[in-house]
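Protein chains in written order, with the numbering used here: chain U, 208 to 699; chain W, 2 to 491.
Don't take every hint at face value.
Said to hold, decoys possible - As a list, the in silico SDA-like pairs of lysine to any residue whose alpha-carbon atoms are at most 20 angstroms apart:
hint, chain 1, residue 1, chain 2, residue 2
1, W, Lys147, U, Asp550
2, U, Lys291, W, Ala59
3, U, Lys566, W, Asp285
4, U, Lys294, W, Gly63
5, W, Lys96, U, Lys291
6, U, Lys447, W, Lys147
7, U, Lys291, U, Glu264
8, W, Lys96, U, Glu264
These are calculated hints, taken from the structure and not from any lab test.
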Amino acid sequence: MLDLKKLDLVTIRNSLRKGDFTSEELVGSYIDRINNSKKLNTYNTLNIENAINLAKESDKRILKKNYRPMEGIPIGIKDLFCTKGVKTTASSKMLENFTPTYESTITEKLFYQGMILIGKLSNDEFAMGSSNETSYLGPVLNPWKKETSDQYLVPGGSSGGSAAAVSASLCPVATATDTGGSIRQPASFTGTVGLKPTYGRCSRWGIVAFASSLDQAGPITKTVADSAAMLTHMAGYDEKDSTSSTAKNENYEEAIGGSLKGKTIGIPHEFERLDISLDIQNNWESAIQWYKDAGVNIKSIKLPHSKYALPAYYIIAPAEASSNLARYDGVKYGSRVEGEVLDDLYKKTRGAGFGEEVKRRIMMGTYVLSAGYYDAYYLKAQKVRRLIHQDFVDAFGSVDAILTPTTPTTAFEIGENVSDPLKMYSNDILTVPVNLAGLPAISIPSGLDKDGIPMGMQLITKHFDENSLFQFGSIIEMSRSDMFQPKDWWMN
Amino acid sequence: MVNDIKVARYTLEGQSGLWETVIGIEVHAQVTSESKLFSGASASYGGSPMSHVSLVDAAMPGMLPVINQQCVRQAIKTGLGLKAQINKFSVFDRKNYFYPDLPQGYQISQFKYPIVGEGEVRVTLKDNSDIRVGIERLHLEQDAGKSFHDIDPESSYIDLNRSGVALMEIVTKPDLRSADEAKAFVTKLRTILRYLETCDGNMEEGSLRADINVSVRKPGDELGTRCEIKNVNSIKFIGMAIDYESRRQIDEIENGNKIIQETRLFDVSNGKTRSMRSKEEAHDYRYFPDPDLLPLNLDDNFISEIAKEIPELPDEKKDRFLRNYGLSSYDADILVSDKKYAEYFEKVTVGRDPKISVNWITGELFSALKRLSIDITNSPVSCDNLGELIDLISEGTLSGRLAKDVFEIMLETQKNPRIIVKEENLSQITDEGSIEKIVDKILGENPDKVSEVREKPKMIGWFVGQVMKESQGKANPSSVNEIIQKKLGL
Chain U
208 MLDLKKLDLV
218 TIRNSLRKGD
228 FTSEELVGSY
238 IDRINNSKKL
248 NTYNTLNIEN
258 AINLAKESDK
268 RILKKNYRPM
278 EGIPIGIKDL
288 FCTKGVKTTA
298 SSKMLENFTP
308 TYESTITEKL
318 FYQGMILIGK
328 LSNDEFAMGS
338 SNETSYLGPV
348 LNPWKKETSD
358 QYLVPGGSSG
368 GSAAAVSASL
378 CPVATATDTG
388 GSIRQPASFT
398 GTVGLKPTYG
408 RCSRWGIVAF
418 ASSLDQAGPI
428 TKTVADSAAM
438 LTHMAGYDEK
448 DSTSSTAKNE
458 NYEEAIGGSL
468 KGKTIGIPHE
478 FERLDISLDI
488 QNNWESAIQW
498 YKDAGVNIKS
508 IKLPHSKYAL
518 PAYYIIAPAE
528 ASSNLARYDG
538 VKYGSRVEGE
548 VLDDLYKKTR
558 GAGFGEEVKR
568 RIMMGTYVLS
578 AGYYDAYYLK
588 AQKVRRLIHQ
598 DFVDAFGSVD
608 AILTPTTPTT
618 AFEIGENVSD
628 PLKMYSNDIL
638 TVPVNLAGLP
648 AISIPSGLDK
658 DGIPMGMQLI
668 TKHFDENSLF
678 QFGSIIEMSR
688 SDMFQPKDWW
698 MN
Chain W
2 MVNDIKVARY
12 TLEGQSGLWE
22 TVIGIEVHAQ
32 VTSESKLFSG
42 ASASYGGSPM
52 SHVSLVDAAM
62 PGMLPVINQQ
72 CVRQAIKTGL
82 GLKAQINKFS
92 VFDRKNYFYP
102 DLPQGYQISQ
112 FKYPIVGEGE
122 VRVTLKDNSD
132 IRVGIERLHL
142 EQDAGKSFHD
152 IDPESSYIDL
162 NRSGVALMEI
172 VTKPDLRSAD
182 EAKAFVTKLR
192 TILRYLETCD
202 GNMEEGSLRA
212 DINVSVRKPG
222 DELGTRCEIK
232 NVNSIKFIGM
242 AIDYESRRQI
252 DEIENGNKII
262 QETRLFDVSN
272 GKTRSMRSKE
282 EAHDYRYFPD
292 PDLLPLNLDD
302 NFISEIAKEI
312 PELPDEKKDR
322 FLRNYGLSSY
332 DADILVSDKK
342 YAEYFEKVTV
352 GRDPKISVNW
362 ITGELFSALK
372 RLSIDITNSP
382 VSCDNLGELI
392 DLISEGTLSG
402 RLAKDVFEIM
412 LETQKNPRII
422 VKEENLSQIT
432 DEGSIEKIVD
442 KILGENPDKV
452 SEVREKPKMI
462 GWFVGQVMKE
472 SQGKANPSSV
482 NEIIQKKLGL
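Pulled out of the complex, with its shape left as it was, chain W reads as follows (with noise of 0.2 angstroms):
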């Protein structure tokens, strides 16, 4: 593929000049299905050993894959969410190798014909630009299952649970260039899966997992051999190997050696990468079309049902937020991050100021949340709550601090924000006349203030600041600011 782009993104110093960083993605994300890919056990993560097995998945003599329509209709909707062509004929594939944990000896794959071919994702970097990024494919295939090396010194021990779940394989197209844009293509890739809920993006859970292939040349040049990171699994860690293995690499090349295309491994503990296997070692796999499975042919209808089903995906909505709501690029971003943020947002502000609606969420409300570590759906304070507050301010019942006050209420107590205001006397003093009896009380309590104010106009804040004490926060600052100026005739 020729890379047209003659002007390098971003660049790493070497003692020899620039170096620009090439990544490729593979993203494996667990298919969100009830069943495995050709079996009829349970998929869902957890459970205790070899809880979710049937005879298939533990390749039982004389076993049969049959292929779980459901897997079919989440790989498609992921290839409809990535703007991918959606291929009408597709072939499993074995993959043959030996390990325990693999127990057909093979892995069901697609090779030759994927299911899903050449799309993109729009990424938008921190300094607010965006970049595109091929996808060049997405498969399906199966996981395999998990080996347990360090229960026993004498033996090693296999659960098969995850044997068989389906996984996505998301292959991108050489597009990156630095592990920042590598970190915000494998987030928005998530929230574009979590949208679309064909995977919950769980990297903990191994739900998702990349692997990374990075190389290194001078701006302009073919690109330069590649090394394969294995099984990354969280997002820090993706730019942390990337980081690592670029700098690695123009290392390596500056003192003279070459890059040998090899499979390496990151290490959590070091924050470094180290060599797996070699090009040599590597396996032949000996693909060839399952012969236990026919070809998978899709029709139409069956692709324009699934498009049906796709909901708004983050970039449409960032876009309609925009411009429906007149919010900054920022604040969107931040809302269609998670489709929860957005539908909570949308909630807020119906008939209310999207600006105040977008503060209030992205400010007190996310950091509450984070505080607690509470998930937004299970937020104590609901989006109906949360909009009366912002009403309550809008009325002028609240001033803004008070308003704080009620939100930590809220908060506690899951408490409409009326009630709490009604049940702690909390409403604002708006009442002329009594703001004027606590300015007098103030000014008259103060003389030498009174006169230094003549001279100084600026420390009105002052006498400000104690009638709101006065108040317990409740006089209307406004209001108060208004009266003192009156009085003191300035």
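Isolated chain U, as found in the complex (with noise of 0.2 angstroms):
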């Protein structure tokens, strides 16, 4: 058995190339430990067979030097992608038994690359949340915990069920998708690289969809050259998806290293007064300090905005979802529970078939919708997120990347904020001007708090420059001190 927790993407493209070990070996490998990590609860859907049969392939190919960029690399899938003949749920009831007979652009690609699903990971129901306890088939935990309490904490939403398992070593890298944070809240929560690429650079076909004008996908990884080694596969133009971007493409793992002295990073001030724990606020001290080592200059920057930003997104974000999740009334697939009439089978259906919290968003963004109030909530928020897309203009204008905390506090524990809408949303309250603005950013695992679990930091950088995350991102991993290994109390 190969020591997985010491294997990233980078480490295992190498050692298959070089012979270290097979793709078979190292499949292998994954589905000893996921078996033996069942209490995490990560994985919704496992490809076992599939993946073994795949393997073999990769390590056929790979004797032949005929191998292709990503081959024999195992990776875990949100089970929001779909994919084809395997199936998807979104971790709802309504999808349970769900098997699309198409597979989504972004896995499409990253299968065509080399890469093996090895199995579906949990989310929040429809990712909607930011603690992985509404899925339908139960909370994910965090492989992290304190070191002076035993209680499980989640690990973020809602790609939680990627986060952990990249954390846990259930697989090397993941797929993620992020509408107000749901790649770099639960990467923060569990020391994991999380990257939200520039709304447009990735394609959301085959994606199920929680809300269009912010969902998008990126990777879950153990380092930062990892997710731009990621982004190089998952990005491009997909004529299927109008909403992406013709800007171009590159290898982003090239821009990693080189200096940035004489670089400018900005700290928007205002976010001090947001309600964040002093560990973290401690560690952006530290992480400022790190660039400033780096030659990097800091500048103060304004975001007035930003202050705006939950309540433009809580409303947006459901109100797209109300209509993005019309399609599962149980007529043509998904569950059903028959009712005498029409609006009987609706009511009935979408009742058992739906979570406490997607009922919530749908109720919300239905209502923000709805005449005589869309004026007042839909179209203001339109408005305060065109403000909010200004203030991050005005301040790139004099800076190459902005550095906030990713989330005001480290995970909380399961069930801790379940019964409070209101605080559970508030843990957004870092992340989402990102997707309002439709920026790249990234989480960088930047230390520990005073009870051992990960803190993470957050780069933001002008659309389409994921390569100055990257450049960015680097220094911080260069620069902190501690390690990001959960230690595998789990494990049968």
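Work from the hints to combine the two standalone chains into their complex.
Written as structure tokens, this is what we have:
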């Protein structure tokens, strides 16, 4: 058995090509570790048999030196990406038996480059949540525990399964989606690297939609280099997604390294007034120092409208969701509960098929779009969104990147915020402005708090400047002192 | 909107005096296109159920719409044909409601920013007067699928072939005043769409359907409360629905009741409209911009390229026919009512008398085609052959009567009239000697009539008839007339 904890994507890629181990060996090791980690509840569906067969194929190609860029590397896929012939549930009872006949553009691209689907990873139901507690298949546990307590922690959400699986070395990398922080927040909670690319960078085709104007796919990885490698193969224009961008794509791995001397990082000091934990504030200060040490200028910037980002987000996202989820009606596919008359069928199907949080958001979204409320809520939120966008444009006039913590707190306990949606939503306060502005951002593990659990720093750059994210991000990786390896307490 | 028509064009009589009906129409015209508005599935009519359905049309999870350029072009072309403003910026919105034949749970439509703005259609009424009907807007939207509730007593069935097919919704201003005006408008609109080839106008196949807004008022009053009659699918029914609905509203008001704003259905079986849902029961569609689609930004070049494709439209064609061929307005209207008629006419009339050409086309040809239920494009009498038939008349080879006989043979055999004349030996006898012989024979056989005609010169017609009969219709009637007159010394 291989020591998977030591393996990141770049290492695996090199080792496979060198013949240090085979893809079959690697896949077998992951399956074995996954089987011993059921307690974390990260995977909704496993793809064991297929994965082993594909690994054998990959090994043949590697032997013949006929390998593709990501040949034989296993990957976990968030259960929001439609995978042909493999169940795709969005962690909802509504789609518990749904198997797509088509492959999402992103998974298609990754598999085409030689990656091997090992399984589908849990998430908050329809990506709605910040703790992965809303999954129909039960909560995912964070592989990290506080040194002082034996309580289970949430892995964050909605890509909690992806983050926990990468953190616990149940896959080297995973895909995820980020609508208001759903990649970065769980990455921050689990000590992993979470990248939310520019809106339009990665195709949304074949990803179960939550809020179309905000959703963006990205990777969760162990390192910044892995993140860059993943983006290289995920990004690109897709004619099937009208909102995907034709912006030039490149090999992002090549961006890493090189001096940042003379570059400028912006610090939005308004964010200090937010309810950010002391440990995280201190960690933010340390990170600023690391950049100073690297010769980067530090500049205070203003993002005056960001304080309205959370309410604007919780109007726009549910509004779009209320419409996007209308297709789950029990008529064509998915779960159905029969009814006496048509309306009865709708009510029973949707009543039984959706969980509490999804229903709450559909209700909010329906409300804000209703006649008489549209202008006061939806339209106003869109105006706020434009102002937030403009704030960033203005800020990027004088800085190359913006540095903030990813979350105001570290991982909280399972059940802690479930009964208080507002408290739950406030966890997204530092991540949602980025989605509203469509910008790229990355969360990088930057330290452990006093309880020994991960904190993450968020870097934000201009539209389509992911290269700078990787460049700036590697500074944190090089400067931090803590190790981001959870202890295997959950193993059988 | 202020209505500046003070004198009502058309009124209905009620117990309390005269009433004016005010009508606005929303036409749903299916865009002629290869594929659907937002998916690659075929947009053609028919096909076995569920055979023209893509993953997008079935609203599978994660599927996204992509605008079909061809449909955009067709909408712009139609807008230009309606002399309307083309909006360079337009937005697709979602209209949210639940129904089993609406797989997405919303229809993608255009609400606040339609692709086409205000325009105008000139409509000629039966009395040959023209009215101008304002176009409020034209927007693109998706059609829904089709539900079947009568196949099985236990279940309903849904066919998504039509789901996602592109429609143009064309909305008029409340500029129409009677059933006849409304019928004439829809007919004219259909003609324009067919000229443009942006909609086949096939009402039986549902390619053209109308929602009709009807209200009544005393002439000069403010607009009354309107009712909307949904989904009327023939021009005849449009007239019937308006006649019934305006009378119903007048009766309601005259009986002291108020008109309730509501949606009504036209019942084909009894010619009445009945309530479908009131304003209170109306859906809240929660329109908002579709975040899966970018706003549509058109550049001037794109629009001007399309403008080059606009053919001569019925109004311009009519004007040209009046000007160049000296046709009557009535004849011109008939010819331009279908681009194919006009094309046929223009081919026939090259180098020939336009009036004679029109008479043959709208007379003999149309009645024959109608009798045989054949479209003019498949006419057994080609335009070249009809032209030659007209030539044979003007050359004097055929009399009008003989020409009609030849025409009948042309219909049956599709042969060239000159060949028919030769084969059937039908050419007119113009040789005076031959005619004289026949005249002499008839005069000789009827001495009593000869003396009678000297008293009553009008009787000459009888002799002409006898001579024509004797010649099997081949004698030139005017020569016959002339010779008889000469012989009888009249």
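To see whether the hints hold, each was checked on the structure:
In summary, the hint linking Lys147/W to Asp550/U is supported, as the alpha carbons are separated by about 18 angstroms, within the 20 angstroms threshold. Using a Cα cut-off of 20 angstroms, the hinted pair Lys291/U and Ala59/W holds, with the two alpha carbons roughly 17 angstroms apart. A threshold of 20 angstroms between alpha carbons decides the hint, and for Lys566/U with Asp285/W the separation of about 19 angstroms falls inside it, so the pair holds. Under the criterion of a C-alpha separation no larger than 20 angstroms, the hint pairing Lys294/U with Gly63/W is consistent with the structure, at around 14 angstroms.
For the hint linking Lys96/W to Lys291/U, the alpha-carbon distance of about 30 angstroms lies beyond 20 angstroms, and the restraint is violated. About 26 angstroms separates the Cα atoms of Lys447/U and Lys147/W, which puts this hinted pair outside 20 angstroms; it is violated. In summary, the hint linking Lys291/U to Glu264/U is supported, as the alpha carbons are separated by about 19 angstroms, within the 20 angstroms threshold. Our distance criterion of 20 angstroms between C-alpha atoms is broken by Lys96/W and Glu264/U, whose separation comes to about 48 angstroms.
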